[in-house]
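Chain A is already provided as a structure; the job is to place chain B on it using the hints.
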Amino acid sequence: MTRILFFLFAALLIAGPAQAGIDETINNFTAPIASFIGSVVFFKIPVAGANLPLVVLWLVVGAVFFTFYMGFINLRGFKHAIALVRGDYADPNSAGEVSHFQALATAVSGTVGIGNIGGVAVAVTVGGAGATFWLIVAGFLGMSTKFVECTLGVKYRNENPDGSVSGGPMYYLTKGFEERGMVGFGKFMGTFYAIGIFIGALGIGNMFQSNQAYVQLNTVAGGALDGYGWLVGLILAGVVFAVIIGGIKSIARVTEKVVPFMAVFYCVFAIIVILMNFSSIPAAIGNIFSGAFTGEGVTGGALGALIIGFQRAVFSNEAGIGSASIAHAAVRTDEPVTEGYVSLLEPFIDTIVICTITALVIGTSQVADPNFAGEATGVAMTSAAFERQIGWFPVPLAFGALLFAFSTMISWSYYGLKGWTYLFGEDQALQTVYKLIFCAFVALGCVVQLGPILDISDALVFLICVPNILGLYFLAPVVKREMQAYRAKLESGEIRRFKH
Amino acid sequence: MENVVLLAVDGSDGSDRALDHAIARAKQGGAKVMVAYVIEWSPYSFNTPEENATRHKRRETEIERATTEIVTPALKRIEGEGLACDGVVRHGHPAETLIEIAKECGAAQILIGRRGHSGLKSLLFGSVAGNLIQTAPVPVVVVP
Numbered sequence: 014m015t016r017i018l019f020f021l022f023a024a025l026l027i028a029g030p031a032q033a034g035i036d037e038t039i040n041n042f043t044a045p046i047a048s049f050i051g052s053v054v055f056f057k058i059p060v061a062g063a064n065l066p067l068v069v070l071w072l073v074v075g076a077v078f079f080t081f082y083m084g085f086i087n088l089r090g091f092k093h094a095i096a097l098v099r100g101d102y103a104d105p106n107s108a109g110e111v112s113h114f115q116a117l118a119t120a121v122s123g124t125v126g127i128g129n130i131g132g133v134a135v136a137v138t139v140g141g142a143g144a145t146f147w148l149i150v151a152g153f154l155g156m157s158t159k160f161v162e163c164t165l166g167v168k169y170r171n172e173n174p175d176g177s178v179s180g181g182p183m184y185y186l187t188k189g190f191e192e193r194g195m196v197g198f199g200k201f202m203g204t205f206y207a208i209g210i211f212i213g214a215l216g217i218g219n220m221f222q223s224n225q226a227y228v229q230l231n232t233v234a235g236g237a238l239d240g241y242g243w244l245v246g247l248i249l250a251g252v253v254f255a256v257i258i259g260g261i262k263s264i265a266r267v268t269e270k271v272v273p274f275m276a277v278f279y280c281v282f283a284i285i286v287i288l289m290n291f292s293s294i295p296a297a298i299g300n301i302f303s304g305a306f307t308g309e310g311v312t313g314g315a316l317g318a319l320i321i322g323f324q325r326a327v328f329s330n331e332a333g334i335g336s337a338s339i340a341h342a343a344v345r346t347d348e349p350v351t352e353g354y355v356s357l358l359e360p361f362i363d364t365i366v367i368c369t370i371t372a373l374v375i376g377t378s379q380v381a382d383p384n385f386a387g388e389a390t391g392v393a394m395t396s397a398a399f400e401r402q403i404g405w406f407p408v409p410l411a412f413g414a415l416l417f418a419f420s421t422m423i424s425w426s427y428y429g430l431k432g433w434t435y436l437f438g439e440d441q442a443l444q445t446v447y448k449l450i451f452c453a454f455v456a457l458g459c460v461v462q463l464g465p466i467l468d469i470s471d472a473l474v475f476l477i478c479v480p481n482i483l484g485l486y487f488l489a490p491v492v493k494r495e496m497q498a499y500r501a502k503l504e505s506g507e508i509r510r511f512k513h
Numbered sequence: 092m093e094n095v096v097l098l099a100v101d102g103s104d105g106s107d108r109a110l111d112h113a114i115a116r117a118k119q120g121g122a123k124v125m126v127a128y129v130i131e132w133s134p135y136s137f138n139t140p141e142e143n144a145t146r147h148k149r150r151e152t153e154i155e156r157a158t159t160e161i162v163t164p165a166l167k168r169i170e171g172e173g174l175a176c177d178g179v180v181r182h183g184h185p186a187e188t189l190i191e192i193a194k195e196c197g198a199a200q201i202l203i204g205r206r207g208h209s210g211l212k213s214l215l216f217g218s219v220a221g222n223l224i225q226t227a228p229v230p231v232v233v234v235p
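For the record, the sequence lines run as chains A and B.
In terms of the working numbering, the first sequence opens at residue 14 and continues consecutively.
In terms of the working numbering, the second sequence opens at residue 92 and continues consecutively.
This is chain A alone, in the form it adopts within the complex:
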């Protein structure tokens, strides 16, 4: 089976060059689809001169509500989250099971992607420096949303007959509503979510990633890859194919090991660049705060900056989308709420740390030279900001972007797969069909331009937060009870530290 697929794939690789101009054809085809989906999902209402997409309002209200309802768990739970990740409460008898650290690391490698490098640049271009402020606020509030969804992800997961687990919003929506006697509605919501995450996995977790990886590679190659998007796409798709269908674990394992080092490497060099732009730091930070409340030069003013900031933050940390709860559901714990605590750290690492650092790299460069990036946007803009100070950095950055993109694609291929198996069952042949579709979209992502791709993936990801957050409202009392019971056990000493 695998071999036949491989030959099919090789044939595709050879047939590619025959279709010159394929990039343009696909672009012409996808652009109208993108604008249609975008206009439906981002239905906007005019508020005080700015256009507020209802779906962004939906996310903000949700995040604010969960922050208050859970009693500022994003602040109060932070210390306990770190203790859990360090393994302070890990029972030695369950050694060998998925640890809190591993579940977090897997989920983080799914969220830390191109969005942290390129998405922030898009936010700053469209929403001005002030968007950064709202991005951080959104990251902070998003921690509470994550807490709720990841607790539910573990609590309502399915244990399959083969001993593996399947969890995520489709399961907590179905079972949670079932508990409340709304069987049909729960099924509808679960199915809606499963379809959404499947399609979303092809967008945010796939096409956007491969597209930006290609853009950065092309920038580094000095435009030598112009028109060869299909080739880069096919190679990328081939490697993804080897991992998710060929089962070549070594590639995945190497990537999962290298990605955290890349993230640290990226942050260290970003901080170096920020320090090299030392004299611009006060002005850049000033711009972030003044822009946040005045929205100078931004369509829609301060509200415009807020909308862009929130939109990009969700795009990066996925709070409210529910995807990460699929990864977190694999952890082995008697207390689902412990995984909620751990997941708090995800938006923190992703948005509050990494995105903010990127924003400062761009911000300080802009202060020093407003035109430093020329016409470049996305990853290319971030790359230009690094290049101003460290000439050779775009090369490792391209490599890093490629790895980030790759690990995000691997994680999202699993999220999409879980949506797919929820819909069609755990049948192996059908799972292979899904994986083939996924690989095809990896290649497609390198061919279409950034505009339509961003629009499609944005729209799809925001679409699935509608059923997810609705479910979270209904199930929040369950999480609150779990949290209070857990706290009581901590205080009474029933749950104790194993390490001191």
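By construction, these hints were calculated from the structure, which means they are not laboratory data.
Glycine is no exception: its CB is placed at the ideal position from the N, C-alpha and C atoms.
Please note: incorrect hints may appear among the correct ones.
What the hints assert, rightly or not - Partner residues aside, some chain A positions facing chain B, computed with beta carbon under 7 angstroms:
id: 1; residue: Q115
id: 2; residue: A118
id: 3; residue: S177
id: 4; residue: G260
id: 5; residue: I264
id: 6; residue: A265
What the hints assert, rightly or not - With a cut-off of at most 30 angstroms between alpha-carbon atoms, the simulated DSBU-like pairs for lysine-lysine come out as follows:
id: 7; chain 1: A; residue 1: K502; chain 2: B; residue 2: K194
id: 8; chain 1: B; residue 1: K148; chain 2: A; residue 2: K262
id: 9; chain 1: A; residue 1: K502; chain 2: B; residue 2: K148
id: 10; chain 1: A; residue 1: K493; chain 2: A; residue 2: K262
id: 11; chain 1: B; residue 1: K148; chain 2: A; residue 2: K188
id: 12; chain 1: A; residue 1: K200; chain 2: B; residue 2: K148
Then chain B, alone, in the frame of chain A:
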């Protein structure tokens, strides 16, 4: 301290020689032999989501295999000599986990076979016996 010796096994030739030594030592002093096998594992490694989802099942398989292939045969030999014994299989950092087990069963001594790695190899991959010698709270006997 109880009269227990902890025998670390890994299925290698060195570990077979350590088993012989443990039997001889237990016969002399009438000690009970605790046979331990540690599956190398770290809670801080990075996995793909698919690996995490199937981890629980794999852990059970790993424990079962170590028990049937390595620990149970060793226990049978010790029992055949008419000695008291017990076995344990656990995941973790090898040296640290062995020390934990030694503390739990109140072992007076830890016995371990030597792998006989060259200097470079043990420099690269570390050596469980070497680690134990440096960190164990009880005497360690390394059987050549």
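Taking the hints in turn, this is what the structure says about them:
1. Q115: With Cβ-Cβ at 5 angstroms, under 7 angstroms, it holds.
2. A118: Interface hint status for A118(A): holds (5 angstroms vs cutoff 7 angstroms).
3. S177: holds (5 angstroms)
4. G260: This interface hint is violated because 9 angstroms lies over the 7 angstroms limit.
5. I264: violated (10 angstroms)
6. A265: holds (5 angstroms)
7. K502(A) - K194(B): holds (28 angstroms)
8. K148(B) - K262(A): holds (18 angstroms)
9. K502(A) - K148(B): The given pair, whose Cα atoms are some 29 angstroms apart, holds under the 30 angstroms limit.
10. K493(A) - K262(A): violated (39 angstroms)
11. K148(B) - K188(A): Cα-Cα ~24 angstroms, so holds.
12. K200(A) - K148(B): holds (28 angstroms)
Consistency note: the structure conflicts with the earlier hints numbered 4, 5 and 10.
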